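Student: Please take these sequences and the hints and turn them into a complete structure.
Which chain is which? The protein sequence lines are A and B, in order.
First residue of the first sequence: 254, per our numbering; consecutive thereafter.
First residue of the second sequence: 254, per our numbering; consecutive thereafter.
These are computed hints drawn from the structure, not numbers from a lab.
None of these values were measured; they are calculated from a predicted model.
Any given hint might turn out to be false.
What the hints assert, rightly or not - These stretches of chain B come out as covered by chain A in the derived footprint (C-beta under 8 Å, 3 or more residues): (1) 280-289; (2) 405-413; (3) 426-439; (4) 519-531.
What the hints assert, rightly or not - Derived, one-sided and incomplete: chain B residues facing chain A with beta-carbon distance under 10 Å: (5) Thr-323; (6) Val-420; (7) Asp-459; (8) Val-460; (9) Cys-479; (10) Ala-496.
Stated by the list, open to error - Negatives, chain A to chain B, calculated, CB over 12 Å: (11) Glu-312; (12) Ile-314; (13) Thr-319; (14) Asp-344; (15) Val-345; (16) Asp-352; (17) Gly-429; (18) Glu-444; (19) Ser-465; (20) Ala-496.
The beta-carbon is built from N, C-alpha and C at its ideal position, and this holds for glycine as well.
There are 2 protein chains.
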Amino acid sequence: MTRKPARINPDRPEATAFAPATVANVAVGFDVLGFALEGVGDRVRVSVDEDATEAVSVESITGVVTDLPTDPGGNTAAVAVAKMIEALDLDVGLRIALDKGIPLGSGMGGSAASAVGAVVAANGLLVEPLSAEALLPFALEGEAAASGAPHADNAAPCLYGGMTAVVATDPLRIVGVPTPAGLACVVVRPELRIDTKEARAALRDDVPLELSVEQSMRLTGFLIGCHRGDVDLIGQSMKDLIAGPQRAVAITGFDAARDAALGAGALGFAIAGSGPSVFAWVRSIDDGSSVESAIRAAFQSLGLNSQAWVSRLGCAGAHLVGEQAER
Amino acid sequence: MTRKPARINPDRPEATAFAPATVANVAVGFDVLGFALEGVGDRVRVSVDEDATEAVSVESITGVVTDLPTDPGGNTAAVAVAKMIEALDLDVGLRIALDKGIPLGSGMGGSAASAVGAVVAANGLLVEPLSAEALLPFALEGEAAASGAPHADNAAPCLYGGMTAVVATDPLRIVGVPTPAGLACVVVRPELRIDTKEARAALRDDVPLELSVEQSMRLTGFLIGCHRGDVDLIGQSMKDLIAGPQRAVAITGFDAARDAALGAGALGFAIAGSGPSVFAWVRSIDDGSSVESAIRAAFQSLGLNSQAWVSRLGCAGAHLVGEQAER
Numbered sequence: 254m255t256r257k258p259a260r261i262n263p264d265r266p267e268a269t270a271f272a273p274a275t276v277a278n279v280a281v282g283f284d285v286l287g288f289a290l291e292g293v294g295d296r297v298r299v300s301v302d303e304d305a306t307e308a309v310s311v312e313s314i315t316g317v318v319t320d321l322p323t324d325p326g327g328n329t330a331a332v333a334v335a336k337m338i339e340a341l342d343l344d345v346g347l348r349i350a351l352d353k354g355i356p357l358g359s360g361m362g363g364s365a366a367s368a369v370g371a372v373v374a375a376n377g378l379l380v381e382p383l384s385a386e387a388l389l390p391f392a393l394e395g396e397a398a399a400s401g402a403p404h405a406d407n408a409a410p411c412l413y414g415g416m417t418a419v420v421a422t423d424p425l426r427i428v429g430v431p432t433p434a435g436l437a438c439v440v441v442r443p444e445l446r447i448d449t450k451e452a453r454a455a456l457r458d459d460v461p462l463e464l465s466v467e468q469s470m471r472l473t474g475f476l477i478g479c480h481r482g483d484v485d486l487i488g489q490s491m492k493d494l495i496a497g498p499q500r501a502v503a504i505t506g507f508d509a510a511r512d513a514a515l516g517a518g519a520l521g522f523a524i525a526g527s528g529p530s531v532f533a534w535v536r537s538i539d540d541g542s543s544v545e546s547a548i549r550a551a552f553q554s555l556g557l558n559s560q561a562w563v564s565r566l567g568c569a570g571a572h573l574v575g576e577q578a579e580r
Numbered sequence: 254m255t256r257k258p259a260r261i262n263p264d265r266p267e268a269t270a271f272a273p274a275t276v277a278n279v280a281v282g283f284d285v286l287g288f289a290l291e292g293v294g295d296r297v298r299v300s301v302d303e304d305a306t307e308a309v310s311v312e313s314i315t316g317v318v319t320d321l322p323t324d325p326g327g328n329t330a331a332v333a334v335a336k337m338i339e340a341l342d343l344d345v346g347l348r349i350a351l352d353k354g355i356p357l358g359s360g361m362g363g364s365a366a367s368a369v370g371a372v373v374a375a376n377g378l379l380v381e382p383l384s385a386e387a388l389l390p391f392a393l394e395g396e397a398a399a400s401g402a403p404h405a406d407n408a409a410p411c412l413y414g415g416m417t418a419v420v421a422t423d424p425l426r427i428v429g430v431p432t433p434a435g436l437a438c439v440v441v442r443p444e445l446r447i448d449t450k451e452a453r454a455a456l457r458d459d460v461p462l463e464l465s466v467e468q469s470m471r472l473t474g475f476l477i478g479c480h481r482g483d484v485d486l487i488g489q490s491m492k493d494l495i496a497g498p499q500r501a502v503a504i505t506g507f508d509a510a511r512d513a514a515l516g517a518g519a520l521g522f523a524i525a526g527s528g529p530s531v532f533a534w535v536r537s538i539d540d541g542s543s544v545e546s547a548i549r550a551a552f553q554s555l556g557l558n559s560q561a562w563v564s565r566l567g568c569a570g571a572h573l574v575g576e577q578a579e580r
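Tutor: Quick look at the structure:
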């Protein structure tokens, strides 16, 4: 049996997807856990290019970041779509318009969102769209173009929504992790820039056994808390003992921001991905604004401007928007 | 407010407790996870000694192990009871009769069971018995007399039953972990002896970061599988990448036994505690005997005799037996 090549729907020459920002690591799950945010993300439009000379081109990059490569081989969205075109034997050229809502180098999963948004939009053009599971590998190949090695801890929650865990890499297996109803998240990005590759390279190659055991205890408490809806257990467990302390030194004001967040009632506080953004989980969206103010004031007192977002947990993953979303 | 000293019930001069054997580490939760077995354990009788010259004495040690210290300062059960007498201001002497069902140095939580059994039995003598939570610290102090440092990963499941997780050590916090209904466990003890202190000392002080991430993925998959009742996810996740490979070299036939167990349909296979016992989880108690035979045959083919136990998961923790249990 040979697979039929996938086909573009002739009535649907373009589709646009929204792909949310995400927070990876989540204090206790380095390279494992990640969750999606609401209201902040990238929008990616993919359209059929009748006059294409190459499989994929980047027609525009707008929004909060514009200095990304437009060369298809160096652009995460374009690489992801190119892999998809190749795997599906699509006989068309596609054009990508990227509208970035996620600041560059913020630790909020910007490259994952562009790649995921692009494949979800491209998928919207197909007569028989693929499942989210089938799209993930393409997005990861796109993300690898930016961050060196594909880590699904941003791409998976971006695609599926909610909180996800990478439970195996070979083959890749992603499972969802419940979060108690009502919980919310505050993300604050101080105006510092950290390079993901450098942040990763700064980590020690070894973890002291004792710390690894302590971190396993916290990961265990965190996951049991999430499944039981035990918010206090989640709060007690949300401490990063491994990557966090090594990375926090590069974030001016990290300790002050953490103390401010916890003092204002946050459940837990840690670095978002490899930073410099930080995040706090709060008991309810109403607690978000006081925790947000406390964190921003801590950075401001050190002369650092910041940007902040308050989001529910458990929000949607990447999805088509506009006309295509209705069909 | 001063605490009233605890009082011994004058109508109850002795009590006997059964304390189950336990399997710690459980492949993915080194020093964190442990679960109780059924039908194998220690029986500890504690009785009031009217003519006592010291707070605690060991009157007899019977069963499968008899060469344990009877000196109260070196006996786990006696140390645990002495700590309890001291903390509760009990003005009596207590005598301990230990009937060991757990082989020495087997990796099945023998010292934890003696200590837990002793405090549960002593608790049975009180007018107002303490909660299990209140008993745990005494048992841990007893266990420390044997193994150097108290690790609650055997004592906690021995006391509470089922599977437990140590989610924090300072202060100590234990939570239960559900296991899917029907699952069972096979424990096989090859006739080798490994010293717990030496086994612990043999572990490298550092864990490569990459391995630590892989192990976090498996721990995450294991815990999610347990909460969801996803038996396949549990099976896929039950691999020890850290302590296991370092300790398995001391267990003749480990690889052959693992291959035999998995070949006979076991979900997962690992070292029980610090060994030399090994254990497998199986889908049902009916699968237990074929997996047991496969493991024992693998050891036998290398000239090693073995003993085996098949147990449900989710079984009871330490409890009073005989007349006292009825009251």
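Student: Against this structure, judge whether each hint is valid.
Tutor: Hint-by-hint comparison with the structure:
no. : hint    : verdict
1   : 280-289 : holds (count 5)
2   : 405-413 : violated (count 0)
3   : 426-439 : holds (count 3)
4   : 519-531 : violated (count 0)
5   : Thr-323 : violated (34 Å)
6   : Val-420 : holds (3 Å)
7   : Asp-459 : holds (4 Å)
8   : Val-460 : holds (5 Å)
9   : Cys-479 : holds (9 Å)
10  : Ala-496 : holds (9 Å)
11  : Glu-312 : holds (38 Å)
12  : Ile-314 : holds (33 Å)
13  : Thr-319 : holds (34 Å)
14  : Asp-344 : holds (38 Å)
15  : Val-345 : holds (38 Å)
16  : Asp-352 : holds (33 Å)
17  : Gly-429 : violated (8 Å)
18  : Glu-444 : holds (29 Å)
19  : Ser-465 : violated (5 Å)
20  : Ala-496 : violated (9 Å)
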